[in-house]
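Asks: Residue strings, one per chain:
There are 4 protein chains.
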Amino acid sequence: MKIAVVGGGSTYTPELVKGLMEINDCVKIENVTFLDVKEAEEKFNVVFEFVKRMVKDKFKIEKTFDPKVAFDGADYIVFQFRPGMLSARINDEEIPLKYGLIGQETTGIGGFSAALRAFPLIEKYIELVEKYSKAFVINFTNPSGHITEFVLNYLKFDRFVGLCNIPINLLKNLSELIGCKIEDLFVKYYGLNHLTFLEKIFAKNEDVTQKIFQLLKMHLANVPGDFPADLIEILELYPSPYLRYYLFEKEMVEKLKKEGTRAKKVEKIEKDLLKLYESSDSIPQQLMLRGGSMYSTAAANLIKDLATNAGTIHIVNTKNNGAVTNIPNDYVLEIPCYVKANRVFPVSLGEADEFAVGLIHIVKMYERLTIEAYLYRSRKKALKALLLHPLGPGWQEAPKILDDILKANEKFIDLS
Amino acid sequence: MKIAVVGGGSTYTPELVKGLMEINDCVKIENVTFLDVKEAEEKFNVVFEFVKRMVKDKFKIEKTFDPKVAFDGADYIVFQFRPGMLSARINDEEIPLKYGLIGQETTGIGGFSAALRAFPLIEKYIELVEKYSKAFVINFTNPSGHITEFVLNYLKFDRFVGLCNIPINLLKNLSELIGCKIEDLFVKYYGLNHLTFLEKIFAKNEDVTQKIFQLLKMHLANVPGDFPADLIEILELYPSPYLRYYLFEKEMVEKLKKEGTRAKKVEKIEKDLLKLYESSDSIPQQLMLRGGSMYSTAAANLIKDLATNAGTIHIVNTKNNGAVTNIPNDYVLEIPCYVKANRVFPVSLGEADEFAVGLIHIVKMYERLTIEAYLYRSRKKALKALLLHPLGPGWQEAPKILDDILKANEKFIDLS
Amino acid sequence: MKIAVVGGGSTYTPELVKGLMEINDCVKIENVTFLDVKEAEEKFNVVFEFVKRMVKDKFKIEKTFDPKVAFDGADYIVFQFRPGMLSARINDEEIPLKYGLIGQETTGIGGFSAALRAFPLIEKYIELVEKYSKAFVINFTNPSGHITEFVLNYLKFDRFVGLCNIPINLLKNLSELIGCKIEDLFVKYYGLNHLTFLEKIFAKNEDVTQKIFQLLKMHLANVPGDFPADLIEILELYPSPYLRYYLFEKEMVEKLKKEGTRAKKVEKIEKDLLKLYESSDSIPQQLMLRGGSMYSTAAANLIKDLATNAGTIHIVNTKNNGAVTNIPNDYVLEIPCYVKANRVFPVSLGEADEFAVGLIHIVKMYERLTIEAYLYRSRKKALKALLLHPLGPGWQEAPKILDDILKANEKFIDLS
Amino acid sequence: MKIAVVGGGSTYTPELVKGLMEINDCVKIENVTFLDVKEAEEKFNVVFEFVKRMVKDKFKIEKTFDPKVAFDGADYIVFQFRPGMLSARINDEEIPLKYGLIGQETTGIGGFSAALRAFPLIEKYIELVEKYSKAFVINFTNPSGHITEFVLNYLKFDRFVGLCNIPINLLKNLSELIGCKIEDLFVKYYGLNHLTFLEKIFAKNEDVTQKIFQLLKMHLANVPGDFPADLIEILELYPSPYLRYYLFEKEMVEKLKKEGTRAKKVEKIEKDLLKLYESSDSIPQQLMLRGGSMYSTAAANLIKDLATNAGTIHIVNTKNNGAVTNIPNDYVLEIPCYVKANRVFPVSLGEADEFAVGLIHIVKMYERLTIEAYLYRSRKKALKALLLHPLGPGWQEAPKILDDILKANEKFIDLS
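Residue numbers (full-length UniProt numbering), protein chains in the order written: chain A, 1 to 416; chain B, 1 to 416; chain C, 1 to 416; chain D, 1 to 416.
Worth double-checking, as some hints may not be accurate.
If several chains are the same, the list does not tell them apart, and a pair holds so long as it fits within one copy or across any two.
Simulated pairs of lysine-lysine, PhoX-like, Cα-Cα distance not exceeding 20 Å [stated by the list, open to error]:
hint: 1; residue 1: K204; residue 2: K134
hint: 2; residue 1: K18; residue 2: K28
hint: 3; residue 1: K275; residue 2: K43
hint: 4; residue 1: K52; residue 2: K411
hint: 5; residue 1: K68; residue 2: K38
hint: 6; residue 1: K172; residue 2: K211
hint: 7; residue 1: K250; residue 2: K98
hint: 8; residue 1: K204; residue 2: K28
FYI, nobody ran anything at the bench for these hints, they're computed from the structure.
Extracted from the complex, chain A is given alone in its bound form (with noise of 0.2 Å):
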């Protein structure tokens, strides 16, 4: 087995890989092809090497900037490359900020920026895996709700999930609350990536939504800063914790601007990170300030389920395909799925919540929205996006704003 990982030089990398030579009994992995670009040589080198020292000989790692050299005969491709690096997250989330917006990467104008300069690599680099493989491509890249909508509705390209580490943190969470094993839940999850809702919890055999429910809330009321204790109860949902700048807009516009934005922080540590892989053979402590938490263990758990036909469940980003009833089936949703036969099969959910329903829709729509801007490099359709976003700017800031994105990401993306 051959996998290839775009955006080999992140910092992410030694716990992929750690992930992988956990799987490596099961799967027997020959073949792990870093890709990364020129403007990152550096940091790529020392995450490499320190790569190196990690592996040993347990399978053969390859270092390229030719995407043809990391697709060729790959059969599980892992997207987790970040687009202009980390000073480009930093405008995705001050240039908002600027208006008064949410600076998130992912939610909101951050994460319109963000998917603007995604879409256009990641048009290229689909074009390229379906020349040189026939792998199965898991995305880390963000916004991954945003890309995994554009890949399956609009390239059309179907070999594809979008991975997030939110869900498999909530299983182990729910789990400890609980006091089961993982596999002995079931949920009832659905939304898009970051906007998702947990309706319903089964721990063998038996409903324990409302006494999870009770545990969380309990457990909320004693976290400071985090969602309000009695959130769960009256939207009888317990949402992803992104939810929050929906619901705390303000309140976080003012935190961010008070506290700065998070990608300055990740620089520092990313730096911080850096020196230590280029003198550890082990993963340092620090990569858990990194976040992305268990992200190696659901990257390497789906691609071993996948290639042993396991018969499991994951919670991936995929079409809809009729699992959640009022919703349209071609809509891109992070939902349990079965794998098997190489493949994600969404499984029967039903109906999903008013209020999920409602907020579902008009991101979905703004998602589209900022994807057709791309496609047709359509300012108007860009404008239409950014002015139908619940987190949006109103009409007298939407130009500016987009002014502003356009500018700083004109290296990527240019619509005229």
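Since the structure of chain A is already known, use the hints to place chains B, C and D on it.
Replies: Then chains B, C and D, alone, in the frame of chain A:
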């Protein structure tokens, strides 16, 4: 033919009566019975005496406080009552403003409190309509969208449409812009009441959409305070004027704060009007200030065309029933319908635009949560509704604003 | 206005021309160009000369074998050609009978072979219509349901409706039964061409369904050989007369065997008609024997109403587009449409009856398999189509009957 | 865990008990209670005594004629009763044959009379199941498709699946053909009970559809009387063996007439079996002749997997719920489901084939008309059902055959 008017003491009544007098040749009205509540008796008397002078002996008119008397044997019933009268509307508009939110009687939080106040009365009246008549009901009571959703989908009473004076004014304006008769037009127009979108216009077999959009653009450019001139070009849609609350939320809140609410102004106009009604025999010019232009034309023509099997098109609020193919069949929408057999049949329009689809879904889900808050007397659902609306409060303000609304409307609604 | 008629040599042409003469005051026809094929030249000449004497100088008429000449600048095009002329129809009707199956030119296996013969010609003509005109096409060529499905869903040409003379005759009969004008009626009528169902009838705002069904029942009881009197009562539907092939399969096969096919009779009628056309100046009584009563009225009125933005209802074959809510949007159905803006807009009808739904689906799937058999030149799909049709052969006979059909039509279609 | 078996006197019971003994290590059965009717007492005693000798003290077994005793506190309930016992089945099969129609107990008219006989009993039992237990019901009573449609969509009882031994045998055969374990397979399989279609087969991540179809083709070629070898190639589907009644209607009617009905044969087998049961301690070979191979495996494994939260796939009859995207959500289909949380969740399969779609719809509408004939005691609906079924009678025979069926089943059902 007997017509009943619920809210007969409204200052609109004379205009409605004028409309009925105009269709009288066609439809042979025998009796028009006006119903109102004791609290409005004084005003009701003034209006009724004025109407008596208008009608002379064209048809019989009656005044009653008893719904049985009004509905018994009625063929058409017009709902134009305002639950709680103007003083309640003042609350609808002022409470949200206190929290920096849009204060408007149909859109946003003002519509929410108006709806909660209207539901119990609507429920009671519909029960009596069913009991005493086979009448078809035409609703003008605000918020008309919520109420039609409630009646068609929750009360399951189907001889009911919601009517608004915006579509008829729009068609009149379009026909003047293009220089043709209203009957020469056909429009692809859809949405929720006060959240509608005009996507295509045909005049005498020609697609005049671009031509009209250009004319409207020029027109808009000359009307300060109106939509900006390039709005239609960006959206590729001509929206309801109420969309300004979404696109110019901040600016509109400022404007409302500065200028005072509409309710206050209307209070003043009403007083003047009533004084004029006392002394005159024909409709005073000042009624125009009251708003609701062409309201009587819309209602009277709909009654005429229903009664005469006319085969004309009216834009009304009714169940989608397949007309807009990418919106669920059961959503109540404001759409063009073929009027025949004393019924309205939506006419197939194809797909709605993505921008419109996003807003329609989120506001429809908010409408349904509001309705369910009433039906289940559920504070939870009420909060969910408030949190979901794009113009609604965040988590911090939602419980406070709900408390204020419930307190102000405690005579009408109790969630507990 | 220019009108083109494909299959101008048809013996129906004079009736069509009569219809066009009747609408001429309204729509100002400038030119009617008749197109036919060389093989039909002799007949074409006779018909054209007769038509010339009819029209005099009311409008200009032309005769051509060149589609470019006919289509160039046309506003409306009528397809009324019979691919392979009557001799081919004889095969359509006789081959199935050999195998004990219904021999009929539209329903069952006769429709299958007629469709396969028509598709390549329709494909060619539609290409030329698009190339040389912006015309709207009205199709009478049989089997009209298959052909409209093919044009709208596979060729994706949308200025096209399938027309049939059954609905207009039905409405005429209903209006006579009830004693009102056709315009006073509104019907819930739906299905595939020649597989339609009348479920509700409204006359002047009254639901007269039960009254009409009782009248029809009495009427049927007096017409030997017709549907049995209690059929409508059992089905709670008044079906197309062609449903007899489904409900009386055995009896109809016997009848066809005994009486000989319709094609043979028509052949005789046509000969007589042509002789009369040679010598007369006005339409001979004998044309009534030809069938297709009111065909010209249906076509001419549709052209008139399309051209004059009339806002009337016509029953035509077009995409469902939501009108029947429990049938997919993309199925071509025969349904009432609002005619406006030179287009047809289906009018919402609600749910179809279960009996109708079952038959509509299976016959639609058969239609699509037939179309795909042509498009992919697939013998497999052709066999699947035959095996699926409720009036089709079993496994043993299917390949033989397919061979016979392909052999008889080898000039038109080759699957291999 | 308590299990109840309705129809405990069935000769199948020993096999079911064997299955339960096999899963006993996993699920700890405490009590199995057998329920039957007084009319079957003699047979019931023989079977129960035999089962007693089989089970020894593995778990407690009980015998009762009182549903309350059987259902009270049950966790799983198996319906395997035959309403009217074998003598009624003989009518189901012989009445249609008199009219030259397929005489078979599930497909066609035999299924119609069996369903009408079963509905009142099912309705009564489901009421009692709800009253006395929280059990999940597994249904084998024929016709299983009709019954599951009835219970899920009309009785609105949702802890219910229809089970059939065909899928498990199919999977076993496929796994043997391809040389893998059943768990290695995933199939795109869908349809109505006894009208199913296998469209795709994956084995260990490989799409083996073409390979298997070739093997099946060779295999079929060697089995005289079986489907013809090229059937799969033409249909591009591997259908249920019951499709032969559709594709070989005439031939099957002849065969049934010549060979006599299955019911008669089963009567003989049952007598022999009961004699053997009286004297033996283990299941006699002759049970294989009875049909229903692997029935016990299917039922026992489903109970085990439901009870143990297994996360395996079982093919059962349940509501589509989006799994087949071009079939309505509410149709009960036989489809692969993920078994978890003591529930079954359909797995998304995408679109069904056109040939299958056509048949599924018409037979589903027939099923619903049959159910409604029972619910409304409507002779009309019963006739509509008979007329709609592709294997049903024409208009002339329908009333006669309905009379014969109602007469033969007058103890069970009365439509008037």
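Asks: Would you pick out the hints that fail for this structure and give their numbers low to high?
Replies: 4
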